[in-house]
Each structure stands twice: as C-alpha cells, then as structure tokens.
Amino acid sequence: MPGRKDIADVLRDRIRAGDYPVGSKMPSTREITGELGGSRATTSAALHLLADEGFLTLKDKSTAVVRSPEATGETPEARIADVREELLALRDDVAEVQQRLDEVTDRLANALDRLRT
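In this text, residue positions in the sequence shown follow UniProt numbering: the first is 1, and each later residue adds one.
Read the hints as simulated data drawn from the structure, not as lab findings. Hints are not guaranteed to be accurate.
[Stated by the list, open to error] Straight line, CA to CA, 20 Å or less: simulated EDC-like cross-link-like pairs of lysine to aspartate or glutamate: (1) LYS59 with GLU85; (2) LYS25 with ASP52; (3) LYS59 with ASP82; (4) LYS5 with ASP52; (5) LYS5 with ASP19.
[As the list claims (entries may be wrong)] Derived Cβ-Cβ restraints for the label pairs, each shown as a range: (6) ALA17 with LEU115: 51 to 61 Å; (7) GLU85 with LEU115: 42 to 52 Å; (8) GLN98 with THR57: 23 to 33 Å; (9) GLU53 with ASN110: 39 to 49 Å; (10) ASP113 with GLY34: 41 to 51 Å; (11) GLN99 with THR57: 41 to 51 Å; (12) SER68 with GLN98: 31 to 41 Å.
We treat Cβ as the ideally placed atom computed from N, Cα and C, and that holds for glycine.
Could you build all of it, start to finish, from the sequences and the hints given here?
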C-alpha cells in the first residue's frame, strides 16, 4: 500500500511533466486513490505535502489547483510560516482527540474491572 510520499512523488512527477498543467484542478482524492491505491486520507496527506512544497493550492477540502512554484513569488520562509500556523491550529484538535482517548481508556478499564468482579 503506497504512503503519502509515494503518492506525492507520482503526482509531483506528473505535474512536472505537464500532465496536470498550471491552473488546472487536480483529480479528486477518490480518483487518485482508485488509480494509485492507498486510502483517501493518505492521498489527502500527499496533496497537503505538495501544497507545502508549492506545487498545489488547496482551495477547500476537495479542491486542489496546480500552481507553479516559480510563479508564486512566495519565499520558503513564508510557506514555512503558513505551515506553522496550520500546525498550531491543529494543536487544539490533537488535545481534543487525546482527551477522548483518555475517556475511552478509562471506560474500558472500568468495564474490565466490572468483568473481573
């Protein structure tokens, strides 16, 4: 099963080859996953990786548009700052997931204790 880097490598090569021209919309995650394998989450992660590298612009959860890294005028530092902001925004989500995992762990421990008695 391909990982996000594997999928990103294939898509990056296709962008560089002109299979997906600058300004064109990328195929959906469902289409890419159907062709290359893996999961839609892995494909989505690959698209985010390509966006971080400057090959794509993510317009919403389902739209990725090809862009030319040379044409953006963005510095790597600016892209790093954008990624940092995204990671900081995810911090709250991670904390929430951790809290839910702790709650599930507690419930499972209680259920196991009840079964033992």
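Check: Range hint 31 to 41 Å: satisfied by the CB atoms of SER68 and GLN98?
Finding: Once the Cβ atoms are compared, 39 Å apart, the range 31 to 41 Å for GLN98 and SER68 holds.
Check: Does the Cβ-Cβ separation between ALA17 and LEU115 fall within 51 to 61 Å?
Finding: With Cβ atoms ~59 Å apart, the hint holds.
Note to self: Tell me if the straight-line CA distance from LYS25 to ASP52 falls inside 20 Å.
What the structure shows: Holds, at about 17 Å.
Next item on the list: With respect to the beta-carbon atoms only, verify the hint that GLU53 and ASN110 lie 39 to 49 Å apart.
Entry: Given about 46 Å between the Cβ atoms, the range holds.
Check: For the pair GLN98 and THR57, does the Cβ-Cβ distance stay inside 23 to 33 Å?
Finding: With a Cβ separation near 31 Å, GLN98 and THR57 satisfy 23 to 33 Å, so the hint holds.
Note to self: Hint check: LYS59 vs GLU85, CA-CA at most 20 Å. Holds or violated?
What the structure shows: Within the cut-off at roughly 16 Å; holds.
Margin query: Just to be careful, I want the Cα atoms of LYS5 and ASP19 compared with a cutoff of 20 Å; is the pair within it?
Written below: Holds - the C-alpha atoms of ASP19 and LYS5 are around 19 Å apart, at most 20 Å.
Next item on the list: May I ask you to test the hint 42 to 52 Å on the CB atoms belonging to GLU85 and LEU115?
Entry: The hinted range 42 to 52 Å holds for GLU85 and LEU115, with Cβ atoms some 46 Å apart.
Margin query: If I claimed the Cβ atoms of GLN99 and THR57 lie 41 to 51 Å apart, would that claim hold in this structure?
Written below: 33 Å, violated
Notebook entry, point to check: Do the beta carbons of ASP113 and GLY34 sit within 41 to 51 Å of each other?
Noted result: At roughly 46 Å between Cβ atoms, GLY34 and ASP113 fall inside 41 to 51 Å, so the hint holds.
Next item on the list: Below or equal to 20 Å on CA atoms is what counts here, so check LYS5 against ASP52.
Entry: 13 Å, holds
Checklist line | Proposed proximity, ASP82 with LYS59 (alpha carbon, max 20 Å) | finding: Holds, at about 14 Å.
Checked against the numbered hints listed earlier, the structure breaks hint 11 alone; every other hint is satisfied.
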